[in-house]
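Chains as they are written, first to last, in the numbering used here: chain A, 166 to 510; chain B, 166 to 510; chain C, 166 to 510; chain D, 166 to 510.
Remember, identical chains collapse to one label, so a pair may be satisfied in a single copy or spanning two.
Calculated pairs, DSBU-like style, for lysine-lysine (alpha carbon to alpha carbon, straight line, at most 30 Å):
#, residue 1, residue 2
1, 467, 171
2, 313, 283
3, 367, 335
4, 313, 335
5, 335, 283
Since the hints were made in silico from the structure, they are not lab data.
Protein chains: 4
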Amino acid sequence: MIIILKPEATDEQIQHVVDRVESLGLSPHLSRGTYRTIIGVIGDEARIQVAPLRAIPGVADVVPVQPPYKLTSREAHPEASIIDVGGVKIGGGYLGMIAGPCAIESEERLDAIARSVKASGANLLRGGAFKPRTSPYAYQGMGEEGLKILRRVGDRYGLPVVTEVMDAAKVGLVEEYADMFQIGARNMQNFVLLSAVGRSSKPVLLKRGMSATVVDLLMSAEYILSEGNSQVVLCERGIKGFDSITRNLFDVAAVPAVKGLSHLPIIVDPSHATGRPDLIPPCALAGVAAGADGVHIEVHNKPEEALSDGAQALLPEQYAEIAGQIARLAELMGRRISPLAETTA
Amino acid sequence: MIIILKPEATDEQIQHVVDRVESLGLSPHLSRGTYRTIIGVIGDEARIQVAPLRAIPGVADVVPVQPPYKLTSREAHPEASIIDVGGVKIGGGYLGMIAGPCAIESEERLDAIARSVKASGANLLRGGAFKPRTSPYAYQGMGEEGLKILRRVGDRYGLPVVTEVMDAAKVGLVEEYADMFQIGARNMQNFVLLSAVGRSSKPVLLKRGMSATVVDLLMSAEYILSEGNSQVVLCERGIKGFDSITRNLFDVAAVPAVKGLSHLPIIVDPSHATGRPDLIPPCALAGVAAGADGVHIEVHNKPEEALSDGAQALLPEQYAEIAGQIARLAELMGRRISPLAETTA
Amino acid sequence: MIIILKPEATDEQIQHVVDRVESLGLSPHLSRGTYRTIIGVIGDEARIQVAPLRAIPGVADVVPVQPPYKLTSREAHPEASIIDVGGVKIGGGYLGMIAGPCAIESEERLDAIARSVKASGANLLRGGAFKPRTSPYAYQGMGEEGLKILRRVGDRYGLPVVTEVMDAAKVGLVEEYADMFQIGARNMQNFVLLSAVGRSSKPVLLKRGMSATVVDLLMSAEYILSEGNSQVVLCERGIKGFDSITRNLFDVAAVPAVKGLSHLPIIVDPSHATGRPDLIPPCALAGVAAGADGVHIEVHNKPEEALSDGAQALLPEQYAEIAGQIARLAELMGRRISPLAETTA
Amino acid sequence: MIIILKPEATDEQIQHVVDRVESLGLSPHLSRGTYRTIIGVIGDEARIQVAPLRAIPGVADVVPVQPPYKLTSREAHPEASIIDVGGVKIGGGYLGMIAGPCAIESEERLDAIARSVKASGANLLRGGAFKPRTSPYAYQGMGEEGLKILRRVGDRYGLPVVTEVMDAAKVGLVEEYADMFQIGARNMQNFVLLSAVGRSSKPVLLKRGMSATVVDLLMSAEYILSEGNSQVVLCERGIKGFDSITRNLFDVAAVPAVKGLSHLPIIVDPSHATGRPDLIPPCALAGVAAGADGVHIEVHNKPEEALSDGAQALLPEQYAEIAGQIARLAELMGRRISPLAETTA
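Based on the provided sequences and hints, a complete structural model is requested.
If you want it as structure tokens, here you go:
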């Protein structure tokens, strides 16, 4: 950590900072410049992060040099982590292909979608039973009944299932049915919920919040890992931007940026990132070309009847086309779509 | 609602849209232009909001003309609402002056801060017992013990108390001790939590999320009102911006923008909006000049020892100065800081 | 165009709007809803765009349905344009590979860089002679001497050359030496400069401004086309974002979004978009996978001695590696790096 | 300047950095931590700013501690500068009240507007003769004829005049007629233009660009000051934001932030910042409450006939009301609207 003093900082103020650093068990190294004095702090930075050094009179800035996330960092775990979701691998050269409708609407519809996306190469089935909707008057999901449908359909096709959990009190319920929790973008800093899934044994798909930096995302992952669950897959799904031409702003550079900082896999969700069916295929390919460990795409066989987000879903035949392109691109890059678990029967 | 067709939309597609609108019990009005066909939809727009019209082939855009929030809208309630928090009024010409430390750290410290801010003109005491922290390793708050301290200190000085609730499961507990719930920016779209405080009878301070539009904020308020609790005070606390010179970007125009759209009061929080003690006083005055119904400022008597956010707290003497300036500005504008409830004793 | 009236608009106000539209030679179609009245305007929207209809009392909003850019639009020219830069093609399946140092520093250095990037597959040489620098104290470029060097080196290797022009008064000078003008991001809305290159006969590389929407970018292109020069190549080079982990925010979705709206080619510049050598290769691949018609990358053989932006340049050997990957990706997608002009000699 | 090395930096790399710093005539101070090595650099930072230290292998980050603007900085000139525009003072307790139409449309109209705004308290008249318009098909201004009208009307009412210059080649022409140049937001980083007005003797109103940080704004001012013209007034006019409820995002905190860093005055332009007449008055007051040295407001007596930006103009009677409120607010804060120059007659 580096503490930069104000130009007008007095000797007394500088001494006070030095004393404070030493009182925390760390070693301050003073460099007096013609313009400014700086203090390099040697030792375990974590101890000092709780201390509001910026609040000390005379301090201009405090620059950390260690990442504030530990378990999540690449330094803690130099090899890429491979997350196993019901036998499907994500990371380390394996791509997860998550597909399905925004919301579970009926067993018949989910069955038809699952059948088609599996045939196209998807290896994980998604569907929302609890839906975070901006409006209290919008469709809120089928709840537990939806979870049961998801489980049955997933089992029928041998596809592990992913579904969103919105509330810490429902983690136990969702865990009964799902192979992987999804934490939505709006809950990325719902720390109570993060801690709750961190105490679970199921993998977690953690979506980046719309105003979250890459470091914020890693810090939220750290909440989950620090509770003991290291089975986390990150997801870039678009952040807030100023151009309304897309629903969100697809930050594809976050994919390699995360891979430099962390061992956790990261996938992309071009459905939410763009909100436009015509932009989903090129952005899916962009994500994979940038190194993503998987692609999350919403698919619906009758978008205009969808109870949620129909306008951004791909049709099954559109999904088949892009899934094929993803497979060929992955191959060119020396990666592959993860096979399903071998079912012993 | 207005449906804009694509230039290349076929007659068959247009007819399909017309049929779909009629099937929803609404009346389509067709205007065929040389360039585009548009369909004006007459009737209750709420019925159509759940229908994904954008997903219909041939549809280019759908433009709503009714606000999607109803109970929150100014049209539903033309007079400004005045929210009563333990006898202190916010809105309708009365300013709420919320002050206190970021986190409750000890009874002694909170007592000293409460005494000083009350003397300076604050009429509501804040303090966090459950703290949403970006890092799992940072101080997370005193929990129920903190709530008890807050209650005792508030009672001692006759100041109603405000504190954050982060989880739906804790709403009952917090309600026992607090006069007003705070929903933090990171939970502005934690819809389970919004619904839970919507079923409570205590007023709610709802902070704007960092990537939330003004309409998103009003929609989140609508969640609370739609559950029966109309005692909501909104708070502009800075949104995400690109200039790191301030912690967040203080969107002061949101204050009059909200007042045009909604009857709910809105206050400003220059502490979180700027993250810089030197910018808090000018931004507090800017907020009041723009029409804010109150000001939320973090105050600490020993910032460098604060367990959370010390670097952005004002000292008690700094608070006294800005509180006096706010009182004079409010008076110039024909408003006033709300008096405390009269205590019959 | 659609004019949406305020709920409280009076009959007199509505009639005034109708009269105004008719006075512009257009046909208003009135739809009175239970909630709002809307007026569809039929006819050439261009005539009405100059009229400030929003300023008329009773008007809530005005929604255009025609794009404000005409010559640039895909509707005006359904086929993809192919821009020829000294024999190198950009667009329509051909990729332009622009490479070179940020600034021209000496003939020797530029020669070495040109030789290496040509060997790696680059087909256009870049180098700045006039440098837009945030600081007046930073290196501002070699001026005309640099242009001469650029021309000589380009000719030596048979590479057409691209260089930035910053001022309308210098368009004639730059045109003498360059095969293609570059308009930098900071000048994207320097309308005097846009018009000046619009009157030239040389192709223009127009970079997206840091706060420009996709439509703003197309409007700036329209300035050039409307002066008679339709040889424009657009460039996505990162927009302003809130996460300082990258220098700018690479908006890869802008590539397919532009392709849907316009016939002009669009390339990507991952050097400026990310500002980080480690992120340039994955973002270059992402751009091509998303459909970009070329890639602009800064290359320097001694980055630590570069007079401008050295920290974001690739080394020649790094460029060789990514250029090879781009070629293979392009081939997979049925595209190819444009060959150089055949030199008859 | 502080150079932070990567955790894996080798001794050889560290030595190379040390050598490089010394070769620039500066003194490196090495602190080896358990986690990272940092090098504090003592001496004139300006010398090192041109050196791309980040490009050196092993370097993780470079943190400057001196501001890169010098003449503009508060440290260079601790007292607030007062800029004199034809006898009207801006800064140091004096408010400039700039008012007038977006574009000069005719002498009759400008005369009527000038008469009314002067009566309301305006002390500077604005009007555009050269208009930067997003569309090449929109009204582009009257040119020199407009400048003549502006000069005559200004003289008639004793109001100094402000008008935009868009091109370095027109600086001489505009200087003949105007008392103050305006550099528009889109040209804030048109460095050729900045240098050109920097060589003029007339004051400059420099508007903040839509994606400019506060430091970027100060760097652009530095271009002007470094050419010898220190008569610069800054202007906050809204930056790019994600919420379309306002045209731009009014960053009121930039006002006190600039005042902390620079001696130059800063005014606010709520017309462009919000684009909504209903939000202009509250945002004007917010700006003054935050410490602004003046207010720029567009006024038109017939907005629906305006040739540019009519929808965001105030009517003369609305301007009269807000100008009165600004005067009373300024008085409360110990400041005042600058009187006009005494005319000896």
